[in-house]
Amino acid sequence: MTTPLTLSRPDGTPITNWEMWTRPKKDYQWEPERSAMELAKAWFRQSEISPPEELIQLLHSSRRLTDLHLLRGIPEYVTSLPERGEGRNHDLWLLGRTNQEQITICIEAKADEPFGNETVAEYRLLANKRRESGESTRVPERITQLLSLVPAGNNRWDNVRYQLLTAICGTAIQAWRDGSALAVFVVHEFHTRKTTTDNIRANTKDFNAFMAVIIGSHEPVITGTLYGPVIVGGVDCLIGKAVS
Numbered sequence: 001m002t003t004p005l006t007l008s009r010p011d012g013t014p015i016t017n018w019e020m021w022t023r024p025k026k027d028y029q030w031e032p033e034r035s036a037m038e039l040a041k042a043w044f045r046q047s048e049i050s051p052p053e054e055l056i057q058l059l060h061s062s063r064r065l066t067d068l069h070l071l072r073g074i075p076e077y078v079t080s081l082p083e084r085g086e087g088r089n090h091d092l093w094l095l096g097r098t099n100q101e102q103i104t105i106c107i108e109a110k111a112d113e114p115f116g117n118e119t120v121a122e123y124r125l126l127a128n129k130r131r132e133s134g135e136s137t138r139v140p141e142r143i144t145q146l147l148s149l150v151p152a153g154n155n156r157w158d159n160v161r162y163q164l165l166t167a168i169c170g171t172a173i174q175a176w177r178d179g180s181a182l183a184v185f186v187v188h189e190f191h192t193r194k195t196t197t198d199n200i201r202a203n204t205k206d207f208n209a210f211m212a213v214i215i216g217s218h219e220p221v222i223t224g225t226l227y228g229p230v231i232v233g234g235v236d237c238l239i240g241k242a243v244s
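Following the numbering used here, the numbering of the sequence shown begins with 1 at its first residue and continues without gaps.
Please keep in mind that the hints were generated in silico from the structure rather than gathered at the bench.
Treat the hints loosely; a few may be bogus.
To be verified - Using 25 Å as the maximum straight-line C-alpha spacing, the simulated DMTMM-like pairs for lysine to aspartate or glutamate come out as follows:
| hint | residue 1 | residue 2 |
| --- | --- | --- |
| 1 | 41 | 31 |
| 2 | 26 | 122 |
| 3 | 25 | 118 |
| 4 | 194 | 19 |
| 5 | 205 | 33 |
| 6 | 26 | 11 |
| 7 | 194 | 113 |
| 8 | 25 | 86 |
| 9 | 41 | 11 |
| 10 | 129 | 118 |
| 11 | 194 | 33 |
| 12 | 205 | 112 |
| 13 | 25 | 113 |
What the hints assert, rightly or not - Derived Cβ-Cβ restraints for the label pairs, each shown as a range:
| hint | residue 1 | residue 2 | range |
| --- | --- | --- | --- |
| 14 | 3 | 121 | 43 to 49 Å |
| 15 | 194 | 46 | 21 to 27 Å |
| 16 | 215 | 113 | 22 to 28 Å |
| 17 | 83 | 159 | 19 to 25 Å |
| 18 | 117 | 208 | 16 to 22 Å |
| 19 | 178 | 56 | 19 to 25 Å |
| 20 | 4 | 158 | 42 to 48 Å |
| 21 | 10 | 193 | 29 to 35 Å |
| 22 | 67 | 178 | 15 to 21 Å |
| 23 | 83 | 158 | 16 to 22 Å |
| 24 | 132 | 47 | 55 to 61 Å |
| 25 | 137 | 98 | 37 to 43 Å |
The C-beta atom is built at its ideal place from N, Cα and C for all residues, glycine as well.
Work the whole structure out from these sequences, hints included.
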């Protein structure tokens, strides 16, 4: 008998409808037609927990996941990263299994919110300036450690959004902690009446730049297709984007 998928808050409270979804850290992020609430609603389009069809199609694009069964998930799940500082906040962490292996899936939801404000190079520069002014920070060391986990030379990551670097590393680290053989990083993009074409195009450009570095292909990313695996921190990782 197949065990049904369960969702819960980080404290273990069961989530049985979208309104019980774990709230994001900032109150203003929880509003209609923005990413956090749209992700919650997407998992309850029916009267019970139901993974979004566009996500299932993305996952099934990989032969390693054709018989995937999702077991449980936690929204707003935090994975600690190397060095002192905030962890990687996954909009949704999922654990699943195929007949062969355990799978960790981490989802970054976007309406048209940017992938952070800085590239890797910009974030490192800001951290070094704070250190020079007397502030205690381990961000430069964290960046060095994160870059040691990913393929491609360090300089090639300079123009990639820092949020995407922490996202893929956080996904791989969480998979290793879960004991999973495969990690999957997903960007789930939502188009609503509050999103703008310009912002979505900017995010697409940033995601394509990230994929060009980590995958090594400069072709635009095809929505609904998983790429890889690439090895991040010793873990096989698949990467892709779903759009609602």
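Mind listing which of the numbered hints don't hold for this structure, in increasing order? No hint contradicted; all consistent.
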